[in-house]
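S.K.: Here's the letter readout for the chains.
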Amino acid sequence: MSGILGMAQDAGMFMVHQTIGSVLCCKCGIRMQPNAANMCVKCLRSEVDITEGLLKRLVLVHCPECESYLQPPRTWVKLQLESKELLTFCLKKLQKNMNINKVKLVNAEFIWTEPHSKRVKVKVSVQKEVYNGAILEQSYLVEYVQQDHMCESCSRVAANPDQWVAAVQLRQHVSHRRTFYYLEQLILRHGAAARAVRIKQMDHGIDFYFSNRSHGNKFVEFIGKVAPVKSRSDKQLVSHDSKSNNYNYKYTFSVEISPICREDLICLPPKAAAILGNIGPIVVCTKVTNSIALLDPLTLKFGFLDAEQYWRTSFKSLLTSRQLVEYIVFDIEPVSSEITVGGTKYVLADAQVARVSDFGSNDTQFSIRTHLGHLLKPGDHALGYDLYGANTNDMELDRYKGYIPEVVLIKKSYEEKRQKKRAKARSWKLKSLNMEVDDKIKVDEDKRDAEYEHFLKDLEENPELRFNISLYQNKDYQPSEVASVTEDDGEPIPSVPDDELLAANLLAAEFDDLDLIEDGDGEDNMAE
Amino acid sequence: MATRLQFENSCEIGAFSKLTNAYCLTAIGGSENFYSAFEAELADVIPVVKTSIGGTRLVGFLSVGNKNGLLLPHTTTDQELQHLRNSLPDQVVVQRIEEKLSALGNCIACNDHVALAHTDLDKETEELLADVLGVEVFRQTVAGNVLSGSYCALSNRGGLVHPHTSIEDLDELSTLLQVPLVAGTVNRGSEAIAAGMVVNDWTAFCGSDTTATELSVIDNVFMLRGDTRPGDGFDGMRKSLLDSYK
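Chains A and B, in that order, give the protein sequences. All residue numbers for the first sequence refer to our numbering, where the first residue is 428 and numbers rise by one. All residue numbers for the second sequence refer to our numbering, where the first residue is 49 and numbers rise by one.
In short, the hints are calculated from the structure, not lab data. Note that the Cβ used here is the ideal one computed from N, Cα and C, for glycine as well. Please note that a few of the clues may not be correct.
As the list claims (entries may be wrong) - The calculated label-pair distances, taken between Cβ atoms and stated as ranges, are:
#1 N57/B to V468/A: 26 to 32 Å
#2 V443/A to A260/B: 51 to 57 Å
#3 Q554/A to W250/B: 45 to 51 Å
#4 K523/A to T223/B: 19 to 25 Å
#5 S566/A to E56/B: 37 to 43 Å
#6 A260/B to K529/A: 29 to 35 Å
#7 V572/A to E216/B: 29 to 35 Å
#8 I562/A to T223/B: 50 to 56 Å
#9 N57/B to F441/A: 46 to 52 Å
#10 E175/B to Q554/A: 51 to 57 Å
#11 I562/A to A260/B: 22 to 28 Å
#12 T223/B to Y567/A: 22 to 28 Å
#13 L514/A to T223/B: 56 to 62 Å
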């Protein structure tokens, strides 16, 4: 009827305004506007119950340990009470039954229930067509009974808490732990060990345990991207179900990090030198990521070896940073212009240096070529390798017949300046992974502390090292004391600028104060 | 006072019967209950005739008539025509007409003075209506439906129309027909009024699904309660309000 009127109006005809009259409801006799059923809504509701045949009581299987609900057949979904996701989950169970009864879902909301009652109540509004055209809307209550049932992963954990499925054994056969301190910070920053069940500190390395093979694999790939590694994996059969042909294995990944570290002095075997374009056999390692950057200090030529290439010609370092000796620079004369290699500047220079141990006592001086021309000035202290006096045990060095420099300077030393200021608290601090330490192996506490301190100093001096690491503001630090002291020095010691520091409470939920905030929110939800 | 009945378990009694002030036609059913109900009410006053039209039992849908005459579709057989001519009083003119809209009862609603017709009715049919039935014919729709015969039940004292009829339409129709009109339903909310009930000046018959409210509306508008005023008065309403079960 309205269609005809509409068409007529579109055609521009004059239409009399139509007022809808009222009729009596055929059941109760009250006046009402006519509708498709010609009954008032109350009579219609009393006639027809559109919720007949709909599910009103359902079961939700819930794991009390991990607060998750079962989605048949086997998935467990973590859901919060009275959340949108839980509502969607509950309504999905009703959907099929509603489609069969040709009922349309219009609205749904939670009705508050006490959490200990193990009931979830949802008020659902549905619509259905009755009596050739009239659409009736009705709301009703659906009650979900929560049954407790431990999910598979929780029951496995409860049965044997030390159970792991994949283990990653990270090893580096060097006498210091600098790499592992650095890796620890990297792992924290990227959250690579978030899924580890257990972390254990071992001699020359760290063990990570995971509950899933894919987590272990992901971790190994992450390590492969940040360090030059060689890895292999193995598996061990734990149990076998012959009926369903399910095999349970334990997987082990053995990852070895190359022993070449930053600031190491290396004598390249001829094969490796050939790959790199015949750079001089004595090279300094400047940077280690997933490839090793090598710099020839005499010619400023550089080369990169990635993990595969390194392990093919695996060579060891000649001298490591333990064997650094302090030198004092008398004279420096740049020979070449500034060259930038991989983001760092170098200037080739001739220098006159003497060992600090020789300084007062004798006149031994060395005239050498160094790549630190841009950093050093006469009177500076520098750290370097003493090839003149070193007693090395390297086959390659013995075989090499050409020129070997006597001293190779590596970096500038700030020891003097540091000693002027007593060990002040730093304005920044680092987080650490919670590792289990094996009690059986004797640990030299002082040595560990000294190594860690050394690592922190390294971080201060090298902004490129800090690039991938999160530094946090130290709340206990008081800047006022320090300000007075730095005015004395012409040249301040390197420190970390404040804008690189992260405020402590920007972190992910490992800090205690953030946990408290979450609990507060949870309580608010319950009160609603 | 309106009576409730069924024809073979169907409440659409307007399809199977035709009631006027001079005669009543009923269909031939398996049991005699339908015919007996009419007979009980009307036998002393007017003839009640059992018939079929064109071999079908849809007497109410196919024929239209008032006290002056009866019009039948072209599908009516000669025997039925003769039977009707014989059974009905002489002053009732029985005529078979050629009309392509052969369900005359659905297309035309009439009382003794005026008729509402389907808008597409033939000119000859309209003239025949005016001649045979002695009525003034108005081509009108009821609530936008062209089948004015099925959505409107008319007697000389009042009329009941489709419930969705607007107030302007009601006024217009009422002016044309010169009787009071009410929009209402019959048979528990059914909109096909003439299919659910038959009425004349002093009695009415409705389908058994008709609720008490609908019955009271019918009694009111067709003034069946014996007193001429259409208002309330509990004694008058008593019979329609209190259901009786047979």
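S.K.: If a hint holds in the structure, say so; if it does not, say that too.
M.R.: Do the hints match the structure? See the list:
1. N57/B to V468/A: 26 to 32 Å: Because 30 Å falls inside the window, the suggested range holds.
2. V443/A to A260/B: 51 to 57 Å: Violated - the Cβ-Cβ distance for V443/A and A260/B, about 35 Å, lies outside 51 to 57 Å.
3. Q554/A to W250/B: 45 to 51 Å: 46 Å, holds
4. K523/A to T223/B: 19 to 25 Å: 57 Å, violated
5. S566/A to E56/B: 37 to 43 Å: 42 Å, holds
6. A260/B to K529/A: 29 to 35 Å: Distance hint for A260/B, K529/A holds at roughly 32 Å.
7. V572/A to E216/B: 29 to 35 Å: 58 Å, violated
8. I562/A to T223/B: 50 to 56 Å: 36 Å, violated
9. N57/B to F441/A: 46 to 52 Å: 48 Å, holds
10. E175/B to Q554/A: 51 to 57 Å: 52 Å, holds
11. I562/A to A260/B: 22 to 28 Å: For I562/A and A260/B the Cβ distance comes to about 27 Å; the hint holds.
12. T223/B to Y567/A: 22 to 28 Å: 49 Å, violated
13. L514/A to T223/B: 56 to 62 Å: Since L514/A and T223/B have Cβ atoms about 58 Å apart, the given range 56 to 62 Å holds.
Hint check: violations occur at hints 2, 4, 7, 8, 12; the rest are consistent with the structure.
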